[in-house]
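S.K.: Here are the chains, one letter per residue:
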Amino acid sequence: MTRAAMMRIALIATLVVAAAPSARAASESDFNAAYAAAEAAEKEAGSLRNQWITTEAALSAAKKAAAKGDFDAATASARDAEALAKASIFQATSEKDRWKDAEIH
Amino acid sequence: MRVLAPILALVSAACAAIVIAQAAPAAEKPDPAADAKAFRNYFVTKFPGVKLEDFVNGPYSMNEDMRKQWREKEEFPPYDFALDAGREMFATPFRNGRTYADCFENGGIGVRQNFPYFDVKQGEVVTLELALNRCREANGEAPLSYVKDDMAALTAYMAFTSRGKPFDIRIPDDPRALAAYENGKRYFYTRRGQLNFSCAGCHVQSPGQRLRAEILAPALGILNAMPIYRSEWAGMGTISRRFITCNSQTRAVPEQAQSEDYRDLEYFLSYVSNGLPISGPGARP
Chain Z
1 MTRAAMMRIA
11 LIATLVVAAA
21 PSARAASESD
31 FNAAYAAAEA
41 AEKEAGSLRN
51 QWITTEAALS
61 AAKKAAAKGD
71 FDAATASARD
81 AEALAKASIF
91 QATSEKDRWK
101 DAEIH
Chain F
1 MRVLAPILAL
11 VSAACAAIVI
21 AQAAPAAEKP
31 DPAADAKAFR
41 NYFVTKFPGV
51 KLEDFVNGPY
61 SMNEDMRKQW
71 REKEEFPPYD
81 FALDAGREMF
91 ATPFRNGRTY
101 ADCFENGGIG
111 VRQNFPYFDV
121 KQGEVVTLEL
131 ALNRCREANG
141 EAPLSYVKDD
151 MAALTAYMAF
161 TSRGKPFDIR
171 IPDDPRALAA
181 YENGKRYFYT
191 RRGQLNFSCA
201 GCHVQSPGQR
211 LRAEILAPAL
221 GILNAMPIYR
231 SEWAGMGTIS
241 RRFITCNSQT
251 RAVPEQAQSE
261 DYRDLEYFLS
271 YVSNGLPISG
281 PGARP
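If you read the sequences in order, they're chains Z and F.
Quick note on numbering: this note's numbering labels position 61 of the first sequence as 61, and the sequence is numbered without any gaps.
Quick note on numbering: this note's numbering labels position 20 of the second sequence as 20, and the sequence is numbered without any gaps.
So that you can see chain Z by itself, here it is in the shape it has in the complex:
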């Protein structure tokens, strides 16, 4: 086997592996896991009194899509919600003392 052929096979294999998760339709258990993670992150944001409207909207969209049996959309929305919730947690944590920088003195 030539070096070029070996490279081609390696590239195809890489692409197949990379594409595999998105090619597979999300299952109900994928959604449940993604939703549970998003909900936990949003709960933590809530304990910091820093939830975002967009997170709530993504969680709601995830539930609606799951109720229709569209677990691809539901899982994607749940993952969006988790990312947003984590961003709001980061914001609350970093603002814990940083707000003082903006204070008028």
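Hints may contain errors.
To be verified - As a list, the in silico EDC-like pairs of lysine to aspartate or glutamate whose alpha-carbon atoms are at most 16 Å apart:
| no. | chain 1 | residue 1 | chain 2 | residue 2 |
| --- | --- | --- | --- | --- |
| 1 | Z | K96 | F | D261 |
| 2 | Z | K100 | F | E28 |
| 3 | Z | K100 | F | D35 |
No lab work stands behind these hints, which were simulated from the structure alone.
Given chain Z, work out where chain F should sit, using these hints.
M.R.: Below, chain F without anything else, positioned relative to chain Z:
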């Protein structure tokens, strides 16, 4: 040497304690009076052409075109209906025969400038809206919605009876009162929501600037005109409504009306506007 050793140990420990005490930064003690002075100076310096008492007119103090429109609007103020309704509600007895006047000093007339205050018995900030609902509940009536309609009408009337009186917010010598003030300040300066805005981001750093079609109001005197008729709302709104709307606009989930944070925020914002006249009810675009 046996005698000297403990003495040397004590001396070195004392020296270490002094070094540590000097190295550790002393926790800054909150100073609301200094805050209020700095707050006022900031706006007066930023807007040298605006008279101090004019800051209570919000965006109209920042923009001449808007001021002209406002003056014309004030000939038939859009809050007049609410004012009349509030006057009537205030005078109408509860089912037990008592009235709102029985719940307030001076019969509730000309007292708006003293709210919010820190209740040392309850250990919390009491806003005018909260006091009105507590008055209702104490007299067997259901509480009103905090955001608009009847509550806005009642507070409009009470504000009207205080027009021209300067805000006179006190912080009693009570660590809980100081903590409430500090919490309000923290809330004011903290960024929140997906758009990463703080109250200060708009009303300290950008007053007079446009946010879409709106001219942002300065934080100094921002509550003096409350409650307001907002054209955007096509109706009246209370301070609670204003806070909730601000939070939503930054895509933050708002707190419940009259939450501790919101009451503390009102306490802070009112305190730093001490001395500026009550101008409510107001009208805003």
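S.K.: Among all the numbered hints in the text so far, which are the ones the structure does not match?
M.R.: none
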